[in-house]
Amino acid sequence: MIALKIDGKEIQARPGQTILEVAREHGIRIPTLCYLEGLSPRGSCRMCLVEVANWRGKLVPACATEVQEGMEIVTQSERLRRVRRLVLEMLFVERNHICAFCVASGHCELQDLAVELGMDHVTLPYRYPGLSMDLTHEDYGLDHNRCVLCGRCVRACSEVEGAFTWGFQGRGIETMVAPALGAPWGASDTCTSCGKCVQACPTGALFEKGASTASQVKRPEILEEVTERRPRVP
Amino acid sequence: MSPKVRLATMWFSGCSGCHMSFLDLDERLLDLAELAEVVYSPIVDPKEIPEGIDVALVEGAVNTTEQLHLLKEMRRKARILVAFGDCAITGNVASMRNPIPREEVIREVYGDDDPPGLKDGEVPALLPKALPLQAYVKVDYYIPGCPPDADRIWKFLATLIKEGRPRLEGEEIRFG
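In order, the protein sequences belong to chains A and B. When we follow the working numbering, the leftmost residue of the first sequence carries the number 1, and every step to the right adds one. When we follow the working numbering, the leftmost residue of the second sequence carries the number 1, and every step to the right adds one.
Since the hints were made in silico from the structure, they are not lab data. Honestly, I wouldn't trust all of these hints.
Simulated crosslink set (DMTMM-like; lysine to aspartate or glutamate; CA at most 25 angstroms straight-line) [claimed, not checked]: (1) 155/B to 7/A; (2) 138/B to 89/A; (3) 58/A to 134/A; (4) 138/B to 7/A.
To give an idea of the chain A side of the interface with chain B (calculated C-beta under 7 angstroms), a few residues [claimed, not checked]: (5) 98; (6) 105; (7) 115; (8) 121; (9) 130.
None of the values given here were measured: they were computed from a predicted structure. Every residue gets a Cβ at the ideal spot worked out from N, C-alpha and C, and that includes glycine.
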């Protein structure tokens with residue numbers, strides 16, 4: 001067993017566990033966005049940053065950092081509040097997240113994070129990029145305006161469904177999720193129309209066509225349910 | 001009894017839903033009338049913004065040169081300026097035109113020869129983008145929501161007037 005401290009509390013963890021897993025086992029809440037139970041961690045959204053006090057306060061993503069003997073982890077501090085708020089603000093200004101006009105409003109993880117982190121306004125300038133939608137699939141739609149590039153769809157498609165339809169194209173701020181070879185979603189030969197990407201999506205970027213906002217509740221937990229008996233990604 | 005708070009409300013590029021929600025205070029409007037006097041608003045007569053406003057609720061995004069002018073005037077005259085609803089805070093629905101060039105938007109709506117809104121004339125010019133209030137002036141408080149429901153508005157106003165320093169939290173700050 002590994003002995004460590006989270007928020008001053010002495011905790012025993014198993015080798016190979018991440019900080020997030022251990023925190024959750026002990027009922028300690030750390031906000032996440034790109035992390036999803038059942039998928040491999042990416043640590044790309046930076047919402048789950050925590051401080052390691054005895055690593056000179058280094059910030060590490062809790063979802064992608066394994067626990068080590070003697071770690072002293074801080075999950076709530078003024079600095080973390082500032083950092084998480086800045087990360088969240090950047091996610092909001094990067095694309096067009098217009099809650100009032102979004103199919104996911106009321107059950108969106110990005111909107112929920114604003115509530116959790118007390119973000120009643122954004123201090124950064126909005127970018128308002130001109131982005132398209134892909135409505136070529138028979139059952140589902142993709143709205144790049146709402147995408148936060150968490151990659152949960154990409155991982156659900158490759159790691160769970162094994163279809164490898166979704167990927168990233170472009171670099172930096174130009175990055176987009178895209179079906180294989182950048183072809184329209186509806187023309188994809190590999191997509192099985194299983195809908196796991198839609199259920200995994202934390203926002204209104206992937207949605208079910210023809211469903212009202214009220215019935216557009218995602219079930220991201222299905223990824224954990226269908227992978228329950230599989231060996232965990234190390 | 002202390003003098004009544006001088007309250008103003010303004011309506012920029014929004015659907016007036018925030019004002020409708022304000023009217024949804026229903027019988028609490030009578031309580032509010034005990035505490036505050038509405039000195040400038042789309043729902044009262046004065047056409048000029050008076051001096052010495054205590055609290056101004058501003059609905060809508062800043063979309064035209066006239067709105068920007070009025071916002072700056074209100075900021076000079078109001079002690080506390082409140083961004084009232086999602087359009088004033090994020091641009092919201094009004095900002096959906098922002099990815100499209102201003103001239104393209106105007107010509108699509110009004111046609112090709114000398115459409116109004118490109119420059120100041122009989123109608124004020126459209127600004128390049130519809131922006132939230134904080135893009136131009138200091139905002140003291142934010143009431144999110146599309147629209148903010150009457151309970152949020154009442155909690156905010158009642159706390160502000162009776163105790164000062166209102167604080168909306170949890171579900172009270174949800175966008176949308």
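Find the hints from earlier in the document that the structure breaks and name them by number, from lowest to highest. Violated: hints 1, 3 and 4.
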